[in-house]
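K.L.:
Put chain B with the ligands on the given structure of chain A with help from the hints.
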Amino acid sequence: MSEAGSGLNPDIGSRRGPLWFLAEVTYRCPLQCAYCSNPVDFANEKDELSTEEWIRVMREVRELGAVQLGFSGGEPLVRKDLEELVAEASRLGFYTNLITSGVGMDADRLARLKEAGLDHIQISFQAATASLSDDVAGRTQFEHKEAMAREIRRQGYPMVLNVVLHRRNLDQIDEILQMAADLEADYVELANTQYHGWAYVNRKALMPTMKQLTHAEEVANRWREKMAGKMRIYYIWSDYYEGKPKPCMNGWGTTFIGVNPDGRVMPCHGAAMLPGPPLPNVRERDLNWIWNESELFNRFRGLDWMQEPCRSCDKRFEDFGGCRCQAYLLTGDAAATDPTCHLSPLHQQVRDAVESAEEEPRVMVEQPLILRNAKNSKALREKFGSRPKVADAETME
Amino acid sequence: MSFAADTRVNLAHGMKFQWEPSQNSHVLLYPEGMVQLNDSASAILKYCDGRSVAEVLAALHEQFPDADLDGDVYAFLEDAHERGWIRTES
Ligand code: SF4
Ligand code: SF4
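The listed protein sequences derive, respectively, from chains A and B.
Counting from 1, position 347 in the first sequence corresponds to residue 347 in my numbering; the numbering is continuous, with no gaps.
Counting from 1, position 23 in the second sequence corresponds to residue 23 in my numbering; the numbering is continuous, with no gaps.
I should point out that these hints are in silico values taken from the structure, not numbers from a laboratory.
Hints are supplied without guarantee of correctness; some may be wrong.
[Claimed, not checked] DSBU-like, lysine-lysine: derived pairs with alpha carbons at most 30 Å apart:
#1 204(A) - 80(A)
#2 226(A) - 16(B)
#3 204(A) - 375(A)
#4 246(A) - 226(A)
#5 114(A) - 16(B)
#6 46(B) - 226(A)
#7 375(A) - 46(A)
#8 246(A) - 204(A)
#9 211(A) - 230(A)
#10 246(A) - 16(B)
#11 378(A) - 46(A)
#12 16(B) - 80(A)
#13 315(A) - 80(A)
#14 244(A) - 315(A)
#15 114(A) - 211(A)
#16 16(B) - 375(A)
#17 230(A) - 16(B)
#18 204(A) - 226(A)
#19 46(B) - 16(B)
#20 230(A) - 246(A)
[As the list claims (entries may be wrong)] Over 12 Å on every C-beta distance to chain B, these chain A residues come out as not near it, computed from the model:
#21 132
#22 229
#23 331
#24 352
All C-beta atoms, glycine included, are put in the ideal place defined by N, C-alpha and C.
If we strip away everything but chain A, and leave its shape as in the complex, we get:
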């Protein structure tokens, strides 16, 4: 599932439990978004947690203090027991969010989820038109998704409409916002692609020009004025273009806890690909131990693990040195300064990528996309192991 920008922004003081729990209940998904944040080798993971296991996990994470629960994936609607999980989450006192593409949804299911206590739905769109939508995500059933967005509003759910932005759809920004307004979204999250997971593999094909980005922001600002009081619009830049890293997860092991379909627990979306201590699994340990004691959750907690230039930088309390997975992906060292930071000695790499997106002429023949599906997942793994590099991806046919 595309990464949701979390509005959780607590002040971090002393050590405490997580606030935001992302339950990736399955990797199965009818869509194949080329920017999906799932691990590239997801096709290897088969052994999903059972209903009872999820219920135990939810209870334990709630006991740690988490208040927000996002059901994500993959496509969470694929799980037949989703209603049951939502009902239990709701009973436990979580604010329940469903993060979905709308594919596989129908009015009855929405009503049952409502009855189970579902609080909010985030529905993702890939573009403003069916054809572009299909180009970047396989068969997206665009009209069905629109119908479902209408049904979500009709049934009285608050609705966030999420669109991941990139080279191919940025120029549709006006149409995208028109669509969101027509569908009466409460919030629109326009999130420029973060180059992790599948988006990293497809980086060359997805990176936009600076002009596209600033134009899109202008259009978003215009709509924000026009829709004031009706629809809130968030436009989120990519760290590559800003020269400053994101305060990843609000600090490692402070706010976020994610559980993979097979029970592995993550301190951030991408942690599965980091070398070093393996992800602890809910089948082996309880969540209290995992959150407080496990090596992985303590690995980048606090500021002591940092190297220069972060170690002596004033910004370290605000951005925590950026994203650990991105640092690893781009430098080979998970404890390095995130190279999207202009102070990183390896920042030039990111500049080069941004500049080459600029150079390539906007012609009809574009870099082909590698869609997120089991076949490509296996092919990438066979060819390059579980961590393909950008250059490798170009050699796939």
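P.N.:
Okay, now just chain B with the ligands, sitting in the frame of chain A:
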């Protein structure tokens, strides 16, 4: 938004108000977000359940008989409305 004594106040669409033992405070939850509330904010929000402002004030006076709080309550309601926490019906 200016509030009158008969303006009805309710939590905004999608907002949930609850006590969180682990944070030892009331919180307001909304899609993918949360605010931690101080004592006076939670005392007021507790009564924003479709009552009129006059009824909210009456409930608060009963709970805090000695306090002179009307001005503060009006100011808070305006702020809360601005932030999108509450909605109103006349
Ligand atoms: S393929 Fe698309 S819809 Fe499916 S999990 Fe990935 S981002 Fe979400
Ligand atoms: S050097 Fe490190 S702490 Fe300083 S701004 Fe860059 S990433 Fe943040």
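K.L.:
Of the numbered hints stated earlier in the document, which are not met by this structure?
P.N.:
Checked against the structure, the hints that fail are numbers 1, 6, 13, 15, 16, 18, 22, while the rest are satisfied.
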